[in-house]
Structures are given as C-alpha cells and as structure tokens.
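2 protein chains.
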Amino acid sequence: MKELSNAKKRVLKNKTEFRNFPMVPRVVYGRGSFDQLADILLPKRKNSDAPFIFLVDDFFQDKTLVTRIPWLFNDQIIFVSANEEPKTEQVDALVHKIRQDFDEQPSGVVGIGGGSLLDLAKAVAVMLGNQGRAENFQGWDLVGRPSLYHVGVPTISGTGAEVSRTAVLSGPQKKLGINSDYTTFDQVVLDPDFLGSVPKQQWFYTGMDCFIHCVESLQGTYLNAFSQSYGEKAFDLCQDVFLGDLPKKDAEEKLMMASWHGGMSIAYSQVGVAHAMSYGLSHVLGIKHGLGNCLVFQHLNAFYPDGVTLFKQMLKKHLIVLPTGICVQLSDDQLDEMVHIALAMDPLWENALGPKWKERVKVEELKEIYLKI
Amino acid sequence: MKELSNAKKRVLKNKTEFRNFPMVPRVVYGRGSFDQLADILLPKRKNSDAPFIFLVDDFFQDKTLVTRIPWLFNDQIIFVSANEEPKTEQVDALVHKIRQDFDEQPSGVVGIGGGSLLDLAKAVAVMLGNQGRAENFQGWDLVGRPSLYHVGVPTISGTGAEVSRTAVLSGPQKKLGINSDYTTFDQVVLDPDFLGSVPKQQWFYTGMDCFIHCVESLQGTYLNAFSQSYGEKAFDLCQDVFLGDLPKKDAEEKLMMASWHGGMSIAYSQVGVAHAMSYGLSHVLGIKHGLGNCLVFQHLNAFYPDGVTLFKQMLKKHLIVLPTGICVQLSDDQLDEMVHIALAMDPLWENALGPKWKERVKVEELKEIYLKI
Chain P
5 MKELSNAKKR
15 VLKNKTEFRN
25 FPMVPRVVYG
35 RGSFDQLADI
45 LLPKRKNSDA
55 PFIFLVDDFF
65 QDKTLVTRIP
75 WLFNDQIIFV
85 SANEEPKTEQ
95 VDALVHKIRQ
105 DFDEQPSGVV
115 GIGGGSLLDL
125 AKAVAVMLGN
135 QGRAENFQGW
145 DLVGRPSLYH
155 VGVPTISGTG
165 AEVSRTAVLS
175 GPQKKLGINS
185 DYTTFDQVVL
195 DPDFLGSVPK
205 QQWFYTGMDC
215 FIHCVESLQG
225 TYLNAFSQSY
235 GEKAFDLCQD
245 VFLGDLPKKD
255 AEEKLMMASW
265 HGGMSIAYSQ
275 VGVAHAMSYG
285 LSHVLGIKHG
295 LGNCLVFQHL
305 NAFYPDGVTL
315 FKQMLKKHLI
325 VLPTGICVQL
335 SDDQLDEMVH
345 IALAMDPLWE
355 NALGPKWKER
365 VKVEELKEIY
375 LKI
Chain V
5 MKELSNAKKR
15 VLKNKTEFRN
25 FPMVPRVVYG
35 RGSFDQLADI
45 LLPKRKNSDA
55 PFIFLVDDFF
65 QDKTLVTRIP
75 WLFNDQIIFV
85 SANEEPKTEQ
95 VDALVHKIRQ
105 DFDEQPSGVV
115 GIGGGSLLDL
125 AKAVAVMLGN
135 QGRAENFQGW
145 DLVGRPSLYH
155 VGVPTISGTG
165 AEVSRTAVLS
175 GPQKKLGINS
185 DYTTFDQVVL
195 DPDFLGSVPK
205 QQWFYTGMDC
215 FIHCVESLQG
225 TYLNAFSQSY
235 GEKAFDLCQD
245 VFLGDLPKKD
255 AEEKLMMASW
265 HGGMSIAYSQ
275 VGVAHAMSYG
285 LSHVLGIKHG
295 LGNCLVFQHL
305 NAFYPDGVTL
315 FKQMLKKHLI
325 VLPTGICVQL
335 SDDQLDEMVH
345 IALAMDPLWE
355 NALGPKWKER
365 VKVEELKEIY
375 LKI
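Sequence lines, in order, name chains P and V. Mapping the first sequence onto my numbering, position 265 (from 1) lands on 269, and the numbers just tick up by one. Mapping the second sequence onto my numbering, position 355 (from 1) lands on 359, and the numbers just tick up by one.
Using 30 angstroms as the maximum straight-line C-alpha spacing, the simulated BS3-like pairs for lysine-lysine come out as follows:
id: 1; chain 1: P; residue 1: K48; chain 2: V; residue 2: K48
id: 2; chain 1: P; residue 1: K253; chain 2: V; residue 2: K360
id: 3; chain 1: P; residue 1: K48; chain 2: V; residue 2: K50
id: 4; chain 1: P; residue 1: K50; chain 2: V; residue 2: K50
id: 5; chain 1: P; residue 1: K50; chain 2: V; residue 2: K48
id: 6; chain 1: V; residue 1: K67; chain 2: V; residue 2: K48
id: 7; chain 1: P; residue 1: K360; chain 2: V; residue 2: K253
Pairwise CB distance ranges (calculated):
id: 8; chain 1: V; residue 1: Q109; chain 2: P; residue 2: Q104; range: 39 to 49 angstroms
id: 9; chain 1: V; residue 1: Q109; chain 2: P; residue 2: F77; range: 34 to 44 angstroms
id: 10; chain 1: V; residue 1: W144; chain 2: P; residue 2: D53; range: 31 to 41 angstroms
id: 11; chain 1: P; residue 1: R137; chain 2: V; residue 2: N87; range: 55 to 65 angstroms
id: 12; chain 1: V; residue 1: T225; chain 2: P; residue 2: G36; range: 15 to 25 angstroms
id: 13; chain 1: P; residue 1: H344; chain 2: V; residue 2: A42; range: 34 to 44 angstroms
id: 14; chain 1: V; residue 1: G200; chain 2: P; residue 2: F77; range: 51 to 61 angstroms
id: 15; chain 1: V; residue 1: P203; chain 2: P; residue 2: W144; range: 33 to 43 angstroms
id: 16; chain 1: P; residue 1: G358; chain 2: V; residue 2: G200; range: 26 to 36 angstroms
id: 17; chain 1: P; residue 1: W144; chain 2: V; residue 2: P47; range: 12 to 22 angstroms
id: 18; chain 1: P; residue 1: S201; chain 2: V; residue 2: G148; range: 38 to 48 angstroms
id: 19; chain 1: V; residue 1: W144; chain 2: P; residue 2: K48; range: 19 to 29 angstroms
A partial selection of chain V residues facing chain P, derived with a Cβ cut-off under 10 angstroms:
id: 20; residue: V31
id: 21; residue: D39
id: 22; residue: D43
id: 23; residue: F230
id: 24; residue: A238
id: 25; residue: D240
Keep in mind the hints are simulated off the structure, nothing from the lab. By construction, the Cβ of each residue, glycine as well, lies at the ideal position given by its N, Cα and C atoms.
Generate the whole structure from the sequences, applying the supplied hints.
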C-alpha cells in the first residue's frame with residue numbers, strides 16, 4: 005500500500021498532482037498599502053544588527069518611492085537593473101556582498117520591482133539560508149534548508165512571480181528556476197498604485213506573460229479544477245484589461261489580480277510551448293522573458309489557435325509592433341542551443357502535448373518558428 | 005505622520021482595508037489527496053506523546069473514511085455531531101477533555117467535516133494555545149497567543165471555513181466568530197471525493213452559503229479588486245454548479261473551488277444582510293447556518309433583487325422546498341432578541357448599506373422579514 009503510494013508519487017512528481025502547494029501566507033492589498041511595509045517588517049527584525057536588505061529596481065533610483073522605503077538601523081538598499089534577466093552569478097555576487105557587509109544573518113530580504121527583481125529577491129533569500137552556488141539549486145526541490153524571511157512588492161504585473169514557488173534564473177548551463185517550497189514569499193504587498201508608472205511596452209509584454217501562461221495552463225494536460233478556476237479568472241481579467249475599455253485605475257487593479265491568479269493557476273499546472281521556447285530565446289540572446297514570450301507566441305497557431313487570435317487583437321488594440329529579424333542572423337550552433345534549451349523543459353512539453361510529446365515535436369519545426377522571429 | 009497612519013488604521017479596522025490577510029500557507033488539492041494526510045502530519049509530530057486530535061463529523065463514524073485517518077501513537081479521534089451549530093461551551097469542553105487526557109500539549113488538531121467541524125477545529129486549536137473561555141475570544145483580534153498547528157479537511161463545500169480567518173461560534177451572549185490571524189488553518193486538504201456522499205439538501209444549503217455570501221460581498225461597500233476577483237469567480241462557479249448541466253464529478257470539483265474562492269473573497273469584504281439576519285435565526289432557534297441563510301435570503305428582494313431571482317431559479321431546478329412557519333409562533337421577546345442579534349453585526353450592515361446603515365434599517369422591517377419565515 006505504502007509502496008504503491010510512493011510509486012504513484014514518483015510518477016506524479018512532475019505532474020504536480022497532490023503537491024502540497026505553499027501559498028504566500030500573508031498578503032496585503034490596496035492602493036497605498038506599500039506604506040504598511042514598516043509595520044509589517046518591524047516584528048520580523050531580529051535585532052538592530054540584523055538588517056533588512058531591499059533589492060529595488062533601479063528604475064526607482066531617483067523616484068520618491070525611495071523615501072518611502074522603511075529602512076532602519078543598518079538596513080541596506082541595493083538598486084538592481086532589470087534590463088537583463090536575473091542570473092545565478094548575480095545572485096551569488098549579491099549573497100557574497102551581503103555576507104561580507106554584515107556579521108549577522110540579515111532579518112530578511114525585500115524585493116521591489118517586476119518579475120526579475122522578485123525572482124532575484126527570492127533566490128537571494130534562498131541562498132542566504134543555504135550554502136553553495138545558485139546554479140546548483142536550479143531545478144525542482146533541491147533546496148534543503150529554509151530561506152530567509154522574504155517579502156515581495158510587485159511594481160509591474162503579469163509574471164505571477166509574486167505567488168509562484170520558483171525563482172527563474174539564467175545559469176551557465178540553463179535558464180531554469182529554483183523551484184522549491186522555500187522559494188515562495190513569506191509576505192506580499194499588492195499596491196496597484198505602482199502600476200501607474202509602468203512604461204507602456206513593458207506593461208504590455210509583462211501582462212502578456214500572464215495571458216500566455218493562462219492559455220498554456222488552461223490548454224495543458226496537467227490541469228485540474230483548482231488550477232483551472234484560477235487560470236480562468238486570470239484569463240478573463242486579461243481580456244477585460246487588454247480588450248475591454250476599463251478606466252485606467254480599474255485596469256491596473258484587475259491586471260494586478262490577473263497576475264496573482266495566473267501565478268496561482270500554476271500550482272497544479274504548468275506553462276507550455278511558448279514558455280519553453282522563450283526560455284531558449286532568453287538564454288541565448290538575453291531577451292527579456294515577457295518580450296520573448298510574445299515573440300514566440302505570435303507564431304504558435306499550430307498549438308494555441310484561439311489564444312494566438314486573441315493575442316493579435318491585443319497587439320492591434322494597443323498599437324504594439326513586435327521587433328523582427330531577431331533570429332535571422334543566428335549561427336547554426338546558436339539555433340541548436342536554443343532548441344536544446346527549449347526541449348530540455350520536459351514538464352512544459354508534457355503539459356502542452358501529453359506524455360508522448362517527444363513524438364510530436366520536431367526539431368525542424370522549432371527551428372522554423374525561431375527563424376520567423 | 006505615524007499618528008495619522010494609526011488614526012487611519014482605526015477608522016479602517018472594521019472595513020478590512022489594508023488588512024495583512026493570512027492565507028492558508030499550505031494546500032493540497034485532488035481526488036484521493038486525503039491519503040496524503042499521513043505524510044503531511046508526520047513532520048509536525050512533536051514526539052510520540054504529543055498526539056494529533058482528529059475532530060470528525062459523526063456522519064463518518066461507521067464509514068470507511070475512519071480507516072483512512074492516519075492515527076498513530078496516542079492520537080485521538082473525537083466524533084462530533086454537526087446537527088447543531090458549534091458552541092463556545094462545546095469548544096471549552098473539548099479543550100478541557102484534551103487537556104485532561106494528555107500531559108503534553110498535542111501536536112495539532114485536524115478537523116474533518118463541514119463548516120461546523122472546521123470551525124470547531126479552528127476554535128479548539130486557538131483555545132489550546134490560549135487560556136480562558138472561548139466566549140471571551142468572540143470578536144475581532146482578541147487572540148493573543150498562537151494556536152496549535154491545525155489542518156482542515158472539508159467534506160462539504162460552501163461555507164468557506166477552510167480559508168477564512170474566523171471560527172463562528174454560538175456563545176451565551178452572541179453568535180460571533182473568533183476572528184484572528186491565528187484562526188486560519190495551517191494546512192488544508194481539498195479532496196473532492198468527499199463531496200459525493202453529501203445528502204442533497206445539505207449540499208444545496210451549504211452551497212447556497214457560498215452563493216449568498218458572494219452576492220453579499222460583490223454588492224457590498226467594502227469590496228476591492230482583490231476580493232471582487234475571488235467573489236466573481238466563486239459566483240460564476242456557483243452558477244455553473246447550480247444552474248448548469250455539469251457532469252456530477254465536475255460539479256463537485258467546481259463547488260469545492262467555489263467555496264474556496266468565496267471564502268477568499270471575504271479577505272477584503274464582508275457578508276451582509278442575509279448573514280446578519282441568519283445569525284439571529286441560528287442563535288435564537290438553533291437553525292443551521294446554511295439553511296438559515298436560505299430562509300432569510302428568499303425574502304431579501306429589497307436588498308439583493310438579482311441574487312434573489314437567481315436563488316429562486318436554483319431552488320426550482322433542484323426541487324428544494326424550504327420549510328415554512330418557523331417564526332410565526334415566536335414570542336415578542338424572541339423576535340426582539342433575533343433582531344438585536346442581527347443588528348449587533350455592525351460590519352455586515354455597514355458593508356451592505358454603507359456607513360449610514362442605521363438610518364436605513366428599521367427594526368419593524370426586519371421583524372416583518374423574520375415573520376415571513
């Protein structure tokens with residue numbers, strides 16, 4: 005009986021069935037709720053020598069937000085560029101710096117920014133609680149010891165990084181998340197006021213990350229009623245935001261919730277073809293995740309016909325013209341590497357196409373798609 | 005600045021704005037996921053003398069479920085009738101018994117059943133971590149010390165007790181929840197297989213608890229985009245379940261998720277007139293919460309016209325005939341007490357009708373509604 009149950013668990017490991025999913029245990033929502041952060045952090049301060057580390061998108065370096073960060077004692081604010089995807093070596097460097105700067109283990113880490121900053125904050129919190137290099141933790145459930153207390157404050161919505169149990173990093177070998185129960189934030193602050201300042205293209209690309217992963221999860225083979233209900237709500241909200249005519253503030257709030265529910269929908273599902281191929285694009289060319297998803301997804305009629313139709317309506321409505329000619333000059337080696345990275349994402353392909361996915365995906369087909377980009 | 009912020013918080017206390025909401029930190033979903041419970045509890049066992057206490061609806065006393073409860077060492081299974089609403093003195097008696105039976109503080113409490121059992125388990129876990137009588141904790145944020153680790157396994161869906169931060173109890177003075185951050189379950193197991201065995205009337209009344217609180221929260225004045233998104237999804241799922249033509253298993257799974265999202269929608273909202281009046285009905289006549297809500301809601305056209313129309317379609321489709329003549333023989337004193345209990349639920353009325361609700365609700369109007377029941 006026990007044997008059967010363990011055997012079953014092994015089979016189901018990648019399929020996420022029966023996963024004991026870690027939800028963010030604390031969330032505060034509301035316009036202006038960022039100012040609650042001081043009160044939230046206070047009881048988590050171990051002592052005046054154990055600082056909070058604020059990792060902040062350098063977009064905010066000269067903005068008034070900085071004056072609202074509740075730093076005390078020897079807290080540290082580190083501005084980080086989100087122009088590139090977060091990297092394992094960047095995580096290692098941050099952890100090294102923090103360990104050098106302070107004798108004591110910090111009280112916690114606060115990430116303020118979009119998906120890149122949130123994933124960085126999650127990864128730094130994990131690595132401050134563990135020994136070794138971040139690249140060794142890329143994968144599923146490789147984290148042995150608890151992370152430091154960590155808080156996420158999304159300032160751009162769409163990635164779902166605020167609720168997910170992964171911190172996606174580009175490493176020397178692969179672009180892959182630190183997927184673990186210790187990765188999930190201990191606290192999230194959802195303040196839609198931040199969304200007012202997001203540049204339009206970034207707003208669109210990041211929002212499309214949510215839309216696309218809803219399409220992938222709702223059409224995936226892993227889906228169950230739990231994830232479906234979250235995915236459907238996120239999908240509906242994305243349509244309201246990107247195809248409806250909502251007042252600006254309503255659209256901001258609904259996009260923030262779309263991202264939240266979209267992230268939750270991954271609890272018992274997975275993303276699919278667009279994300280797998282976008283990972284290849286990011287790893288080889290350093291293209292940001294949101295844009296990468298859009299670049300791939302536009303050519304995925306064969307996999308997601310209805311989703312692609314809606315996506316093109318959204319592009320048109322918001323006058324977004326995607327860049328072209330990105331892959332034409334790639335060497336054969338680079339193209340091979342991209343396909344290799346994409347095809348290494350087994351769970352994503354299995355979710356998209358079922359257990360026999362390897363029979364259904366041709367290397368040439370993927371190369372053709374990449375070359376259209 | 006600090007003063008202003010505190011003053012603002014006082015004003016907002018009942019309105020839940022900026023509440024740092026405690027989400028259930030762990031959830032497992034899936035048919036058969038109940039069998040994960042052994043693995044979930046194992047690392048939470050403090051030692052072999054610190055038992056788990058299983059509070060189980062006595063409906064299961066002679067069912068095979070009992071053989072699947074993962075009890076070990078000196079764990080205790082206590083069967084509890086859910087025929088009556090849970091009471092503060094019942095909580096006190098359970099806590100007293102557990103303290104007498106064991107020298108050590110238990111490892112935790114597991115509630116298996118519908119809303120009554122879940123609320124009992126939450127209240128027992130709170131009181132095992134605190135001193136005094138349960139009635140002294142009825143209210144908002146009166147719990148000073150952490151509760152014991154506690155797990156909820158809903159076997160009927162609709163109340164939202166599996167995600168809420170309250171444990172509703174009838175006390176000597178009032179029917180009111182222990183609303184606190186310590187009340188929320190540490191772990192929930194969502195296994196839709198349980199829903200196959202729920203008697204039809206109970207299925208309907210409990211499902212309507214969800215439907216009705218969605219109507220109340222979506223139409224309420226406290227609502228924000230966070231709660232709206234959950235409430236809308238729960239509302240849609242309820243319509244699918246009670247007015248659609250879903251296969252039985254799909255309907256079970258969707259109702260389980262409706263209850264979950266419906267409970268979450270209360271994070272930044274409140275229930276309203278039906279729940280306030282239903283509390284009066286329960287307290288004076290001991291009528292179960294789900295049925296009480298239905299009895300009241302059918303007569304609330306003046307407050308929730310669209311919701312009441314849908315509700316009547318649901319009654320008709322499922323051939324449910326609500327009992328009548330329940331309040332006709334009440335004494336004036338009893339009727340006064342009912343109205344008094346209902347009107348004491350300030351936040352519910354304020355949510356329903358706004359800050360000037362006292363001008364808009366007449367005692368006579370409530371009596372008239374009660375007398376129709």
